[in-house]
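Asker: Build out the structure end to end from the sequences listed, making use of the hints.
1 is the number of the first residue of the sequence shown in our numbering; add one for each residue after it.
The set of hints was computed from the structure by calculation and includes no laboratory data. All clues stand as given, with none of them false.
Think about it this way: if two alpha-carbon atoms lie no more than 27 Å apart in a straight line, the pair counts; the simulated DSSO-like pairs of lysine-lysine are:
id : residue 1 : residue 2
1  : Lys74     : Lys216
2  : Lys216    : Lys276
3  : Lys69     : Lys216
Label-pair restraints from in silico Cβ distances:
id : residue 1 : residue 2 : range
4  : Ser240    : Pro144    : 34 to 40 Å
5  : Pro262    : Asp61     : 48 to 54 Å
6  : Pro144    : Arg268    : 39 to 45 Å
7  : Glu179    : Pro144    : 35 to 41 Å
8  : Asp145    : Glu208    : 34 to 40 Å
9  : Lys216    : Thr81     : 33 to 39 Å
10 : Asp264    : Asn212    : 30 to 36 Å
11 : Asn212    : Pro144    : 35 to 41 Å
12 : Ala111    : Asn78     : 34 to 40 Å
13 : Trp65     : Arg126    : 33 to 39 Å
14 : Glu274    : Thr81     : 34 to 40 Å
15 : Trp157    : Gln71     : 26 to 32 Å
Here a beta-carbon is modelled for each residue, glycine too, at the ideal position from N, C-alpha and C.
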Amino acid sequence: MSRIHEALKKAEEEKANRAHNGPEVKAAEVAELPATTAEGMVPIVDEEPAAPGAVEVGSPDQLTWEELKSQVRKLQWNPNTKTMLFFGQGAYLPGTEEFRTLRSRLHGFRAMQPLRTILISSSSPREGKSFIAANLAQILVLQPDQRALLIDADLRWSRLHLSLGAPATPGLSDYLGGEINELSIIQRGPLENLYFIPGGTHPANPSELIANGRLKDLLGRLAPLFDWVIIDTPPAMAVSDARVMAELCDGVLLVVSAGLEPFDAVQRTKQQFENKHLLGVVLNRAEPRTSYSYKYYGYYRGPEKDTPKDGNRKGKG
Numbered sequence: 001m002s003r004i005h006e007a008l009k010k011a012e013e014e015k016a017n018r019a020h021n022g023p024e025v026k027a028a029e030v031a032e033l034p035a036t037t038a039e040g041m042v043p044i045v046d047e048e049p050a051a052p053g054a055v056e057v058g059s060p061d062q063l064t065w066e067e068l069k070s071q072v073r074k075l076q077w078n079p080n081t082k083t084m085l086f087f088g089q090g091a092y093l094p095g096t097e098e099f100r101t102l103r104s105r106l107h108g109f110r111a112m113q114p115l116r117t118i119l120i121s122s123s124s125p126r127e128g129k130s131f132i133a134a135n136l137a138q139i140l141v142l143q144p145d146q147r148a149l150l151i152d153a154d155l156r157w158s159r160l161h162l163s164l165g166a167p168a169t170p171g172l173s174d175y176l177g178g179e180i181n182e183l184s185i186i187q188r189g190p191l192e193n194l195y196f197i198p199g200g201t202h203p204a205n206p207s208e209l210i211a212n213g214r215l216k217d218l219l220g221r222l223a224p225l226f227d228w229v230i231i232d233t234p235p236a237m238a239v240s241d242a243r244v245m246a247e248l249c250d251g252v253l254l255v256v257s258a259g260l261e262p263f264d265a266v267q268r269t270k271q272q273f274e275n276k277h278l279l280g281v282v283l284n285r286a287e288p289r290t291s292y293s294y295k296y297y298g299y300y301r302g303p304e305k306d307t308p309k310d311g312n313r314k315g316k317g
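Answerer: Now the structure itself:
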């Protein structure tokens with residue numbers, strides 16, 4: 001049985017257990033990546049950043065890092081520290097170790113295949129995909145000299161700006177509609193090397209905007225400047241947006257909330273991404289005492305080694 005299949009079954013079992021035992025006890029948000037390859041489980045690897053995925057050569061007017069950093073807006077975000085786990089000063093909150101494990105697994109994938117742009121989706125709303133996307137972007141930039149761009153591409157229900165305490169506009173929809181250029185929609189906040197594109201003005205035609213070709217152009221210009229691009233998308237069972245955007249990404253993570261969706265529904269969502277670079281499943285809101293992360297890897301609370309490093313890197317841009 002594949003590890004992805006095991007994770008989906010675990011989510012179904014937790015749903016049954018909660019129905020039998022009474023009201024759900026809120027546990028810490030738990031993230032883990034039971035991923036498979038042709039050879040099987042991807043091992044946890046050292047936290048040294050690997051080379052990013054291969055990207056297409058940019059046009060002669062390709063942006064440089066210096067141009068981007070000097071022209072984007074630097075704002076004073078007011079993040080929700082209950083859900084944004086890595087804006088504190090070295091705090092270890094419940095769930096932070098699981099994000100470090102997830103980061104390690106992504107580096108394991110990157111050692112075997114090009115991996116820079118990662119799409120985050122789920123079967124249905126309320127599974128925590130935006131929580132996973134935002135905190136994954138944060139933990140990635142806590143490694144020295146790693147840049148991440150977080151994009152809210154859920155144009156139907158953009159919420160990332162609320163968690164980050166950032167302005168919602170201008171954003172992605174405004175760029176896709178041809179109203180503004182790419183540098184005008186990018187924000188940078190207090191966390192060094194984390195950049196953000198909010199959803200923007202609520203559009204009447206989100207599917208048409210996603211498919212009009214400008215998103216591909218945007219990623220082609222911006223992705224080469226970042227080590228990671230994390231894209232939060234709508235739930236996959238409701239609309240086709242996530243499946244369309246998956247064609248532009250190097251990998252897909254499917255977020256499953258333990259005990260929320262029936263196994264068959266999540267399995268159908270998984271099948272929609274199997275030919276679109278599906279990396280694995282992130283099991284969210286799992287009970288710590290039974291989570292794979294706890295069972296196989298435990299919790300290690302050693303010295304904090306993720307301190308952000310200020311300044312530009314050499315050789316970028």
